[in-house]
Amino acid sequence: MNAVTDHLGDIFAGVLTTLELTVLGFVGALVLGIVLAVCRVSPVAPLRVVGSVYVEFFRNIPLLALLILFVFGLPDIGLTYSLFVCAAASLALSGAAFVCESMRSGINSIAFGQAEAARSIGLTFVQSLRFVILPQALRAMVQPIVNTFIGIALGSSLASAVGVAELTYQTQYLNLKYAAAVTFLVAGAIYLLIAFAGAMAGGWLERRVAIRR
Amino acid sequence: MSAATVLFDAPGPRGRRRIALASAAAVLVIVAVIVLVVVQFGRHGQLAGDRWSPFVHTGYLRFLAGGVRGTLIATGVGALLSFPLGVLAALGRLSHNRLVSRLATAYVEVFRSLPLLLLIYAFLLALPRYGLNLPVFWKLVVPLVMVNVAVLAEVVRAGVNAVDRGQSEAGWSIGLTYGQTMRHVVLPQALRIVIPALITGLVSLLKDTTLGYVVSYPELMKTATNLTAFTHLLIQTYLIITVLYVLVNVLLSQLAHHLERRMRTAPRGGGQAAEQLEHETHAATTTAVR
Numbered sequence: 031m032n033a034v035t036d037h038l039g040d041i042f043a044g045v046l047t048t049l050e051l052t053v054l055g056f057v058g059a060l061v062l063g064i065v066l067a068v069c070r071v072s073p074v075a076p077l078r079v080v081g082s083v084y085v086e087f088f089r090n091i092p093l094l095a096l097l098i099l100f101v102f103g104l105p106d107i108g109l110t111y112s113l114f115v116c117a118a119a120s121l122a123l124s125g126a127a128f129v130c131e132s133m134r135s136g137i138n139s140i141a142f143g144q145a146e147a148a149r150s151i152g153l154t155f156v157q158s159l160r161f162v163i164l165p166q167a168l169r170a171m172v173q174p175i176v177n178t179f180i181g182i183a184l185g186s187s188l189a190s191a192v193g194v195a196e197l198t199y200q201t202q203y204l205n206l207k208y209a210a211a212v213t214f215l216v217a218g219a220i221y222l223l224i225a226f227a228g229a230m231a232g233g234w235l236e237r238r239v240a241i242r243r
Numbered sequence: 004m005s006a007a008t009v010l011f012d013a014p015g016p017r018g019r020r021r022i023a024l025a026s027a028a029a030v031l032v033i034v035a036v037i038v039l040v041v042v043q044f045g046r047h048g049q050l051a052g053d054r055w056s057p058f059v060h061t062g063y064l065r066f067l068a069g070g071v072r073g074t075l076i077a078t079g080v081g082a083l084l085s086f087p088l089g090v091l092a093a094l095g096r097l098s099h100n101r102l103v104s105r106l107a108t109a110y111v112e113v114f115r116s117l118p119l120l121l122l123i124y125a126f127l128l129a130l131p132r133y134g135l136n137l138p139v140f141w142k143l144v145v146p147l148v149m150v151n152v153a154v155l156a157e158v159v160r161a162g163v164n165a166v167d168r169g170q171s172e173a174g175w176s177i178g179l180t181y182g183q184t185m186r187h188v189v190l191p192q193a194l195r196i197v198i199p200a201l202i203t204g205l206v207s208l209l210k211d212t213t214l215g216y217v218v219s220y221p222e223l224m225k226t227a228t229n230l231t232a233f234t235h236l237l238i239q240t241y242l243i244i245t246v247l248y249v250l251v252n253v254l255l256s257q258l259a260h261h262l263e264r265r266m267r268t269a270p271r272g273g274g275q276a277a278e279q280l281e282h283e284t285h286a287a288t289t290t291a292v293r
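Chains A and B, in that order, give the protein sequences. Going by this note's numbering, the first residue of the first sequence is number 31, and it counts up by one from there. Going by this note's numbering, the first residue of the second sequence is number 4, and it counts up by one from there.
The hints are simulated quantities; they were obtained by calculation from the structure and are not laboratory data. Just so we're clear, the structure is a prediction, and the values are computed from it rather than from any experiment. Check before you lean on any hint, since a few could be wrong.
Here are the simulated distance ranges between beta carbons [said to hold, decoys possible]: (1) A:35 <-> B:132: 30 to 40 angstroms; (2) B:23 <-> A:241: 36 to 46 angstroms; (3) A:209 <-> B:71: 29 to 39 angstroms; (4) B:32 <-> A:35: 47 to 57 angstroms; (5) B:60 <-> A:141: 54 to 64 angstroms; (6) A:237 <-> B:79: 35 to 45 angstroms; (7) A:102 <-> B:64: 20 to 30 angstroms; (8) A:35 <-> B:59: 50 to 60 angstroms; (9) B:19 <-> A:193: 48 to 58 angstroms; (10) B:25 <-> A:241: 31 to 41 angstroms; (11) A:233 <-> B:235: 27 to 37 angstroms; (12) B:79 <-> A:82: 23 to 33 angstroms; (13) B:180 <-> A:42: 52 to 62 angstroms.
Here are some chain B residues pointing at chain A (derived, C-beta under 7 angstroms) [claimed, not checked]: (14) 22; (15) 116; (16) 117; (17) 124.
All C-beta atoms, glycine included, are put in the ideal place defined by N, C-alpha and C.
Working from the sequences, and respecting the hints, build out all of it.
Here is the structure:
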């Protein structure tokens, strides 16, 4: 237990880094995911291709491979960024593919007749998205996007494999140094907390955007 | 056909011109990005022939093929263990027995929220001190299964809930017990519904085996690291294995899409159809596992 109480500072710093990675990765994924989703439905064919190739590629690439390529590969072509930036960028790039897919399937889950109805009463493209499609689609998007958030939070642990001092890294370091397995329980509890907090926020958001029929 | 396709009118001549212009601009930007990447690679000598030619050498290829084998074995064993256990956990969660259902729920919720890497470190670094020292392969596969059981349980539960309630009511009304109804009526249909999702689960299982890197189990990622230590061709090796991973996963995802499409057009109901349905479920799950 001493290993934990004596090194609360290390653990706290680890939690902070994990949270920073998660938030940065998630925000990046959200922004890039929205841009990609717009690309995928745009009338410009090359952008649609870029969108679908991106999603197909980054959804299927193991996060660890991406991390290693960023951290150890980029310096070989003369691009050096800090470990933290590389990790956050990898999380954002792979998360964006999942966000994009959630948005697309959310929009596709809306009954076809809704879009037809919106158009037939004379709403423009933007209006029918704004007042008919998105309010309904958002509801279907919340859960998968929350899952992406949790996925990014858990995925940020992989950054420890390339040497970013986040929660998992601190845990195994303290465990190696002080032979204190209890650090694993503490770290596990913290991850649970992060995931549950995400799920709770998601539930709240889902109720907010819910439509009472 | 999706909602997106009716949202705007067919473009007129001016609209078409604009789209053509935007397309040209987009192509230009894409080409520029590709050229930039190639130039960046070239400037640092990463495109030199002798940095790529080793990979047509059979020795290197055989080495990487060993890694692919390791990955496939870990994925296969992981899937073989976690699919049935996932179904079991889902049934546990749906069980009418309060205790069983609580336990299963707790398991699923906890293990869905733990990072796999943390579990692997626990098996690698902490548990051996308490006398639990598994062979390297199982240090990767056991945590992998523990996490994936939780994920798959949720998938299967969603499938069971998606089966029309009338089906289980019909089962009970002809005198089947809860267990019989589950086994002969609900589960076969539920599994069929979730097959695409299960294959997607297989993709994530395969991606998770890259953590063999941490426990030094010789799957593709670890093999690549070993190769890199020897050749120092880091970027080339990792680009090649990344493409390999993406290829295998894209193939699996395509299979999932294909099954999903076929399912949508498949007939529903009827005695013969039900038999056909169960047969197909069986065939598809075995394909997925293999």
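Structure-based check of all given hints:
Hint check: residue 35 (chain A) to residue 132 (chain B), Cβ distance near 20 angstroms, so the stated range 30 to 40 angstroms is violated. Taken as a hint, the range 36 to 46 angstroms holds for the pair residue 23 (chain B) and residue 241 (chain A), whose Cβ atoms sit roughly 39 angstroms apart. Between residue 209 (chain A) and residue 71 (chain B) the Cβ separation comes to about 37 angstroms, which falls inside the hinted range of 29 to 39 angstroms. The given range of 47 to 57 angstroms is respected by residue 32 (chain B) and residue 35 (chain A), whose C-beta atoms sit roughly 55 angstroms from each other.
For residue 60 (chain B) and residue 141 (chain A), the hinted distance range of 54 to 64 angstroms is satisfied, since their beta carbons lie about 56 angstroms from each other. Restraint check, residue 237 (chain A) to residue 79 (chain B): a C-beta distance of roughly 42 angstroms satisfies the suggested window 35 to 45 angstroms. Distance hint check for residue 102 (chain A) and residue 64 (chain B): the Cβ-Cβ separation is about 22 angstroms, which falls inside the suggested range of 20 to 30 angstroms. The supplied range of 50 to 60 angstroms is met by residue 35 (chain A) and residue 59 (chain B), whose beta-carbon atoms lie about 57 angstroms from each other.
Checking the proposed 48 to 58 angstroms range against residue 19 (chain B) and residue 193 (chain A) shows it holds: the Cβ atoms sit about 52 angstroms from each other. The hint said 31 to 41 angstroms for the Cβ distance between residue 25 (chain B) and residue 241 (chain A), and at roughly 34 angstroms that hint holds. A hinted range of 27 to 37 angstroms is violated for the C-beta pair residue 233 (chain A) and residue 235 (chain B), which are about 50 angstroms apart. Roughly 29 angstroms separates the CB atoms of residue 79 (chain B) and residue 82 (chain A), a value that falls within the hinted 23 to 33 angstroms.
A C-beta distance of roughly 54 angstroms is found between residue 180 (chain B) and residue 42 (chain A), which places it inside the suggested range of 52 to 62 angstroms. Taking 7 angstroms as the C-beta contact cut-off toward chain A, the hint placing residue 22 (chain B) at the interface holds, the least distance being around 5 angstroms. Hint status for residue 116 (chain B): holds, given a least beta-carbon distance of 3 angstroms to chain A, under 7 angstroms. Below 7 angstroms, beta-carbon pairs count as interface contacts, and residue 117 (chain B) has one with chain A at about 6 angstroms; its hint therefore holds.
The restraint placing residue 124 (chain B) at the interface with chain A holds, with a minimum CB-CB distance near 5 angstroms, inside the 7 angstroms limit.
Hint check: violations occur at hints 1 and 11; the rest are consistent with the structure.
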